[in-house]
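Number of protein chains: 2
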Amino acid sequence: AEAPAKEAVCKACHGEGGKKPLMGAYPKLAGQNKEYLVSSLKAYRDGQRQGGQSAVMTGQAKMLSDDDINALAEYYSKQ
Amino acid sequence: AEAPAKEAVCKACHGEGGKKPLMGAYPKLAGQNKEYLVSSLKAYRDGQRQGGQSAVMTGQAKMLSDDDINALAEYYSKQ
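Chains A and B, in that order, give the protein sequences.
When we follow our numbering, the leftmost residue of the first sequence carries the number 1, and every step to the right adds one.
When we follow our numbering, the leftmost residue of the second sequence carries the number 1, and every step to the right adds one.
One thing to keep in mind: the hints can contain errors.
Identical copies look the same in the list; a pair holds intra-copy or inter-copy alike.
[Stated by the list, open to error] With a Cα cut of at most 20 Å, we get these calculated EDC-like pairs of lysine to aspartate or glutamate:
| # | residue 1 | residue 2 |
| --- | --- | --- |
| 1 | Lys20 | Glu74 |
| 2 | Lys19 | Asp67 |
| 3 | Lys42 | Glu2 |
| 4 | Lys20 | Asp46 |
| 5 | Lys20 | Glu7 |
| 6 | Lys20 | Asp67 |
| 7 | Lys78 | Asp46 |
| 8 | Lys6 | Asp67 |
| 9 | Lys19 | Asp66 |
| 10 | Lys19 | Asp46 |
| 11 | Lys20 | Asp66 |
| 12 | Lys62 | Glu2 |
| 13 | Lys19 | Glu35 |
| 14 | Lys6 | Glu35 |
| 15 | Lys42 | Glu16 |
| 16 | Lys19 | Glu74 |
Derived from the structure by calculation, the hints contain no laboratory data.
Since the structure is predicted, the reported quantities are computational estimates derived from the model, not experimental observations.
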């Protein structure tokens, strides 16, 4: 599937197709369950996740619409 | 690697080797970055994650010691 517009931002930390995160503390996204990716992104967006790198991710997720979240979760689940 | 003792509990929802979760809302764990798995489990254990299935996971993670978390993260990162 063609990468969604905002994928370039995710790629910076999670790597091409979410396969090679920059740091071990960041998760691989490739092949993850779409529904889980949607619920995680929404949890970050709603400020429901603290700890670890959540501050960074909360900031990122706040810039995503439901459609962005759906498109990105679909894309990464297919990698 | 031989599965850690408490892996049977994880397997019930995340599937053999964390490869086939029962529901799309649960994440695949196989091949995930070990450091990320440790930080996620500790975030659940410390009640730092709400939303999604966090209530279930918080309950599970509260039963894990640091050594359990380390062994499980190591195991799943190698699947």
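Evaluation of the provided hints:
no., hint, in the structure
1, Lys20 / Glu74, "both (18 Å within a copy, 18 Å between copies)"
2, Lys19 / Asp67, "neither (22 Å within a copy, 27 Å between copies)"
3, Lys42 / Glu2, "neither (22 Å within a copy, 35 Å between copies)"
4, Lys20 / Asp46, "neither (26 Å within a copy, 28 Å between copies)"
5, Lys20 / Glu7, "within (14 Å within a copy, 26 Å between copies)"
6, Lys20 / Asp67, "neither (25 Å within a copy, 26 Å between copies)"
7, Lys78 / Asp46, "neither (25 Å within a copy, 32 Å between copies)"
8, Lys6 / Asp67, "within (11 Å within a copy, 38 Å between copies)"
9, Lys19 / Asp66, "neither (23 Å within a copy, 27 Å between copies)"
10, Lys19 / Asp46, "neither (26 Å within a copy, 28 Å between copies)"
11, Lys20 / Asp66, "neither (25 Å within a copy, 26 Å between copies)"
12, Lys62 / Glu2, "neither (23 Å within a copy, 40 Å between copies)"
13, Lys19 / Glu35, "both (18 Å within a copy, 15 Å between copies)"
14, Lys6 / Glu35, "within (19 Å within a copy, 26 Å between copies)"
15, Lys42 / Glu16, "neither (22 Å within a copy, 27 Å between copies)"
16, Lys19 / Glu74, "both (15 Å within a copy, 18 Å between copies)"
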